[in-house]
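Student: Protein chains in written order, with our numbering: chain A, 1 to 606; chain G, 1001 to 1606; chain L, 2001 to 2351; chain X, 3001 to 3351.
Treat the hints loosely; a few may be bogus.
Once the Cα atoms are required to be at most 25 Å apart in a straight line, the calculated DSS-like pairs of lysine-lysine come out as [as the list claims (entries may be wrong)]:
1. L:Lys-2162 - X:Lys-3348
2. A:Lys-171 - X:Lys-3161
3. A:Lys-396 - A:Lys-478
4. X:Lys-3161 - A:Lys-255
5. L:Lys-2147 - G:Lys-1171
6. G:Lys-1247 - L:Lys-2159
7. A:Lys-396 - L:Lys-2348
8. L:Lys-2348 - A:Lys-255
9. A:Lys-247 - X:Lys-3193
10. G:Lys-1206 - G:Lys-1445
11. X:Lys-3277 - G:Lys-1202
12. G:Lys-1396 - X:Lys-3162
Honestly, the hints are just simulated from the structure, not real lab data. Note that this is a predicted model, so its numbers are computed, not measured.
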Amino acid sequence: MAKQQKSRVNDFVLKIANVNGTGSASANSLLMKTVFRMGIPVSGKNFFPSNIQGLPTWYEIRISKDGYLARSGAVDLMVAMNSQTYARDLQEVAPGGFLIYDSTWPRDRLLSRPDITIIGVPLARMCNEQFSSARTRVLMKNMAYVGVLAALLDLDRAVIRTLVEETFARKPTLIDSNMKALELGYEYARANFACPLPLRVKALNKTAGHIMIDGNTAAALGCVYAGATVGAWYPITPSTSLMDAFKGFCERFRKDPKTGERRYCIVQAEDELAAIGIVLGATWNGARAFTPTSGPGISLMTEFLGFAYFTELPAVLFDVQRVGPSTGMPTRTQQGDLLTAAYASHGDTKHVLLFPRDPRECFELAVTAFDLADRVQTPVIVMSDLDIGMNDWMCKDLTWDAAYRPDRGKVLSAEELEAAKTFHRYTDVDGDGIPYRTLPGVHPKGSYFLRGSGHNQYGGYTEDSAEYQQVVDRLAKKWRTAATLVPAPAIRRARAATKWGIVAVGSCDAAIEEALDRLAKQGIYADYCRIRAFPFGKKVTQFLDQHERVFVVEQNRDAQLKTLLLAETQYPGARMTSILHYGGLPMDYRCIMEALQQAAAPGVAA
Amino acid sequence: MAKQQKSRVNDFVLKIANVNGTGSASANSLLMKTVFRMGIPVSGKNFFPSNIQGLPTWYEIRISKDGYLARSGAVDLMVAMNSQTYARDLQEVAPGGFLIYDSTWPRDRLLSRPDITIIGVPLARMCNEQFSSARTRVLMKNMAYVGVLAALLDLDRAVIRTLVEETFARKPTLIDSNMKALELGYEYARANFACPLPLRVKALNKTAGHIMIDGNTAAALGCVYAGATVGAWYPITPSTSLMDAFKGFCERFRKDPKTGERRYCIVQAEDELAAIGIVLGATWNGARAFTPTSGPGISLMTEFLGFAYFTELPAVLFDVQRVGPSTGMPTRTQQGDLLTAAYASHGDTKHVLLFPRDPRECFELAVTAFDLADRVQTPVIVMSDLDIGMNDWMCKDLTWDAAYRPDRGKVLSAEELEAAKTFHRYTDVDGDGIPYRTLPGVHPKGSYFLRGSGHNQYGGYTEDSAEYQQVVDRLAKKWRTAATLVPAPAIRRARAATKWGIVAVGSCDAAIEEALDRLAKQGIYADYCRIRAFPFGKKVTQFLDQHERVFVVEQNRDAQLKTLLLAETQYPGARMTSILHYGGLPMDYRCIMEALQQAAAPGVAA
Amino acid sequence: MTSIAKPKIVHPGLARNALGFTVRDYEGGMSTLCAGCGHDSITAAIVQACFELGIPPHGVAKMSGIGCSSKTPAYFLSASHGFNSVHGRMPSIATGASAANRGLYLLGVSGDGDSLSIGLGQFMHAMRRNLDMLYIIENNGVYGLTKGQFSASADLGAKTKKGEENRQPPIDPVQMALALGGTFVARSFSGDKEQLVPLIKAGMSHRGFALIDVLSPCVTFNDHEDSTKSYAHAREFNLRAIHADYVPPAEEIMAAYREGEVLPVELHDGSRVLLRKLAEDYDNGNRGEAIEYLRARQREGEIVTGLLYIDESHPDLHGVNGTVETPLNQVPYADLCPGPDALAALQKRFR
Amino acid sequence: MTSIAKPKIVHPGLARNALGFTVRDYEGGMSTLCAGCGHDSITAAIVQACFELGIPPHGVAKMSGIGCSSKTPAYFLSASHGFNSVHGRMPSIATGASAANRGLYLLGVSGDGDSLSIGLGQFMHAMRRNLDMLYIIENNGVYGLTKGQFSASADLGAKTKKGEENRQPPIDPVQMALALGGTFVARSFSGDKEQLVPLIKAGMSHRGFALIDVLSPCVTFNDHEDSTKSYAHAREFNLRAIHADYVPPAEEIMAAYREGEVLPVELHDGSRVLLRKLAEDYDNGNRGEAIEYLRARQREGEIVTGLLYIDESHPDLHGVNGTVETPLNQVPYADLCPGPDALAALQKRFR
Ligand SMILES: Cc1ncc(C[n+]2csc(CCOP(=O)(O)OP(=O)(O)O)c2C)c(N)n1
Ligand SMILES: Cc1ncc(C[n+]2csc(CCOP(=O)(O)OP(=O)(O)O)c2C)c(N)n1
Ligand code: SF4
Ligand code: SF4
Ligand SMILES: [Mg+2]
Ligand SMILES: [Mg+2]
């Protein structure tokens, strides 16, 4: 047997390689949930193909007593259920690690490694003996390896059973078969291997007050709580589950108890051009409306985004980013839409962006997005990504302040209009660049003609330079006002004073936090500014100015965040260093560590 | 009579205010052409409304013996034919200037100015007496004011007659009526006013070897000469006349002499998404194809542009820019699409842009665009604008080198494929980042599957990070190669050494040239780099680095060119000063002069 | 220049409708279209119809895309909110407006280019949703605003002024609507106010997607000799197949009709349309037959007009969705937010 | 992972077509669709049809949009160039390909989502241009690739697995084609190879836009009990109305047909389709009647299949344009560039 790793309790990575459409998903989340319920911080990343059945899929579970939830970049235990990818899965295991495979079929002798422990379990055979139907056999194989892991990792079987019972509450018959399969694996492992492995879990109490939730579900919940009533969409991975969740929550919370009538309206549009149009038609009428989409959808919404900017209509979009350009890799993650989203559409246009770092912020910033859109009267795009949107993240419980009331911004009521002498849609009454608006059907005096063509401050059609300029100059002023209204960045100061700063957005956060902790141990310090909104606002520029050198961490090839910083702040590009990760898998802390270690290395000019 | 201006021969601005749909266009170009044929440099700018009939329209003619063809910013002689706009037209006349109006109807006594000379001519009455049909009367009024101007400005009537004869060669009857109307005005002016005015023209010989042509016509001619065979479009102002011209030229040059069959195919698409799709379907098959459009069209082409970038398909687009955002002012000019065009589409995408400064360059850069698109295998967008595209500019004769052969780039022939062992679409064989391509129907070995989804260097579908990254990293390399292939900037050195530089693109040129001459007279010097392409290339960065301070002149609100310079060069933003002109009318030299004068003023920090 | 506001001089003698409004109250800004443009007549018909219907002007939302036709909402109902969308996308705006504010009368005006080229997809999908709106296509066979290119509704053999011939079959919105299951399918001619006004009133009252394809000549680019969309052509070949009179709610049918002469159809608001066949051989109960009839007449150059098909039985967007009667933009926030306790309870699911 | 290339083991006994190719030469990469997906059967039918037609594999260009259906071009004709466009935009790619390279056989594969939702406009306009291509819609009533949402072709009353009911009328590409003037309009079922293969051969040979709407069950998301697009439903309710046999050029008609039993239609390349009525009451010469027939049967739940309408008389894109026979991508540059003298002469106009 290969030389064992030193004991690694509650601190390792487990990865399951499988084929999609074989029902491994439920088995994998069962594993993760078990660890979570044992009180141990855990995260799971799903790497699935862009098809429905038969292609490779991986599930990576990180167990970290210290609560580090980004990828570690290494795999300590591989469950290799997919012969197609066996070779590369084998290679991926870290020295001293373990690999479990289905020994029903002989394994190519060449496919071996002396430096890891390889554990064979005849999963297929066991299941074929115990179960009759073909489909069940396939499904139960998954439960069987969960059983094997239960033994090897010392998982709490009571917890597992409860979870299984909850899962199949509606089909109790399935509970027994699943537990049976589980026992098969468990017993086999106990009988044939020294259990538990040095790699194992041990109950803690570090997950109380936390939930495991994906960003799309959390964002959908945010839409419900913000009072959104109209949702328009066209299905696209990885944003689809956001609208699915919204529908689910509305069916639960938005049906009239008596009549069963719905207090929401979801329209599955014919495409993204229509989806954003539907949103704008709804917000024009004062409803809170949103559309979830991904890169290709944003591209198709480009014309309407410029229209909304110029006509000053609120709109909330969720861009759950995937790998571009073009169709790209729909089931991989990236932050590649920053530039497009910020300046979408021809002519001088700018859009407000929000950057959640995890599902909890998807919930919170969804609500912020609706308030901002109404207040600033412009589209607000929540820049999520596949990693946040579709993976389960451990985060603090979501909380809600009963005192919250939507900020509907400057909307004139029938009474106000009745009292008013005149109403002009595009006049800057308050000097903040934000005009007053009215809603159709409310009052004759409120009527105005909304148009994407040239208009003056009174809303009249114009082709006059001065009148046109007055309007677009006010829009620029409104943009400066927006910078004072958006969420401030989250700033983490290093324990020691430092001239180095890290700037990033969104899902890079977990990796950065871990990297900073580890670097600090090596005496390398950097402050960290997690930008949460575009336009950037004073706090961001201050942070930049306070640092001689800034590392810009982002998940795209072209340093798009850096470009935005160059365009919208005075901070010199010469003092920015890009740390780019754009392969499509969630970021791990290593690339950041290495970049800063290098920069710190003697003889390297800062 | 107001105090006269000192004599101004061949150096003044004449403006005609009229109502559209009254046929004034032909009268106005007749005026301009007359001056041109008299050998005097001249330019005409048409300010027309976005409708078909009944709204105000202006035509501004600058006569400049020194050959300055940008707007001067002042009007010396106004022909006020539109009562709707009479008041503002009156205000626009420079002190000491002249205004001609139709005295058939009494003029409001309040609408007067002591400091200018006001000349009343009963145009309507004269025409009503001489002509019967209502339509003719309206049309002839225009010819009548041409006659008045002929007398006042001392235009060569022989030249006018020839032009009229050429214009109505097909309807000779119209020649007499037009000349008659002209005489009416001429005689009246001679009889009632001291002719010519101090403001007048005098024949020169400064227009030989020049033509008067608009940019859309010239660009269309470029497409014909470049060998484009497929044109796809959806009508949109101000790009429509480009395809109209292409059709006209093809009908003349591209019909088989014997069979009358067409060697071109124009498809009027159902919208811009289809237009760009048609172009890509054609270039996929190796034809040279293009689409002319404007801002809203570019926005709609966004998704396909990213697709073409990623699948590496050539395409030539003409963005004849108009005022944005959104529908904006379709009949006004701007340079507002720079950012959108440069980074159109989600994900990491960049597009090659070319910036013609005038119609002649529209012709030349159209050809360059096709060569570049084929060579670099990517979309190339020619960034024209309404001022260049629709106004008549005086430029040097277009010339053609008979030795020109299209650069089709790396396309493998049937023979090469026959000989080749294997073919892989996306492999970087030559190390310049540009792979080889093949065309459908040529050879079985050449077949590959083109897709906007993730692909590896062999063209195979992939979801693998390393394989994906290899392809997008090569695309980045290809982009650097492109920077070495695009047209170099046009650089004008000041007569005296200077640390100041001006950077601009496209139609700002004429105004800048004039401003620099005038500034030099005041001892203010600046070098000038007219960027002709994006990516920028070495010469541009060198120019920047040679100057302590750079003024970036552009026609948009958000300093989009400056943003591109910040994003793609190392030059610090702190040393850039924006000069922005975005009201929608063509730029005049004054705003540039003032900005530099201010900067030069003592006490102003550089 | 800024849009021109028409002075509202109210003649004391001017008739007033149930709400006390005069026809003036339904007018809009001065038209900037070409003198004689068919679109202006449709504008007049809309004003007349809304006045007669007695809708509060601000109870209507008027929407359009881009084009000469799409400019017209600025020329009627100045007390209504107007929405000049981007080219071809008005149907999606209307969908959102309907979703958010079902209390409004939605009136969409579009052109043949706006609806049948760039907007074809949205147009058909709005119809498929049976969106509760009146959708008027001001159909002139050309792109007027961009100076006269053929549109997708140009007839086979139609010629441009320059003599260019169209050799592609037209997309006929009426045939599309019949084949797609449209619930209110009508065609008219801008010059036939007598037919058009009641159609507009019926269309406004229909719950669901009411389409009126109105032949509306473009005097500047498509009113010449060989045009099949000219005034002359329309007048000569307009075949009124089935006339629809509109009878407001709770008003009994005055005019005396002969037995079996008219077929009354009750609309959801209690009003009725009285269908009167003018072409005996036209079967208005059968979509396929109707299409065949249109195609046959079309081969003869004839344009079949009238309320060609109506079916009140289909649910609109909200009927399908089962939405509350209160327009969603008026549902109080308290009825939308589940509150903190629900949130706490919900999260058990995520542990 | 990279796409899987199928090893080409050629059995010596394997039949060869006129060009000496075996059926293997028309196959493609291994399918990554769900086992049992209807789309794979259509792939097989395409392979068979192209083999039998004896087209050189690289003489075909295969195009698609996005969706499970749109993935299939990777699974046939690996010697042909393939173009996997963006979602719903394949028709415009095909238009450009046809414009540039009329020498190719153009084969487009799409889905009901790809063609009837996001792509509806392009689909209809390609048909209107009578683009010379075969356009196959692999119709399963759902968006397969995005996991089973209803598509616009979902039938009234159809239910999702979860029991959600569709209450919007379907967009039937066949009815749209009939009403729009489509020149080759067919419907089939992925499980009916005997009907499908000759249809594909005829469609490839038709000069103009050949539409085949193929009912193609999605086993994963729409093959359940209450689905109207399931295998069971299709088998039970497939009504073969009119069968089309394909006879290659210069081959006399072998099979003995009874007098008047078949109607032969000659295609531009000299090949013929022999139309044989299976449903006596179906009138294949009348678009409106055809639509009515389809709707009536549909109300009974029946799906009418076969070559429902064909008309060889209309010009395609190039016929209308009057393009040279030489594909434009092969016209030598010398015949495209007017040269320096012409340019000099031309410029007189601009002085
Ligand atoms: C995206 C976009 N493309 C093109 C245009 C230019 N455009 C304005 S109106 C129009 C066609 C209008 O035709 P139609 O709808 O028939 O209106 P009409 O003027 O004939 O009444 C076009 C192509 C535009 N405004 N936006
Ligand atoms: C612009 C864009 N929007 C959405 C998607 C997501 N998407 C991929 S396939 C598909 C629907 C496919 O349905 P269909 O054409 O019926 O193909 P099927 O999978 O059913 O065969 C959608 C919505 C996309 N790829 N691009
Ligand atoms: S161009 Fe035609 S459609 Fe437009 S306003 Fe004039 S007449 Fe009407
Ligand atoms: S999901 Fe449906 S359509 Fe897609 S491959 Fe599977 S069975 Fe076929
Ligand atoms: Mg029109
Ligand atoms: Mg489908």
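Student: Work down the list of hints and note, for each, if the structure agrees.
Tutor: Hints, one by one, checked against the model:
| no. | hint | verdict |
| --- | --- | --- |
| 1 | L:Lys-2162 - X:Lys-3348 | holds (24 Å) |
| 2 | A:Lys-171 - X:Lys-3161 | holds (17 Å) |
| 3 | A:Lys-396 - A:Lys-478 | violated (35 Å) |
| 4 | X:Lys-3161 - A:Lys-255 | holds (22 Å) |
| 5 | L:Lys-2147 - G:Lys-1171 | holds (23 Å) |
| 6 | G:Lys-1247 - L:Lys-2159 | holds (17 Å) |
| 7 | A:Lys-396 - L:Lys-2348 | holds (13 Å) |
| 8 | L:Lys-2348 - A:Lys-255 | holds (22 Å) |
| 9 | A:Lys-247 - X:Lys-3193 | violated (40 Å) |
| 10 | G:Lys-1206 - G:Lys-1445 | violated (59 Å) |
| 11 | X:Lys-3277 - G:Lys-1202 | violated (85 Å) |
| 12 | G:Lys-1396 - X:Lys-3162 | violated (72 Å) |
Hints 3, 9, 10, 11 and 12 from the list above are not met by this structure, while the remaining hints are.
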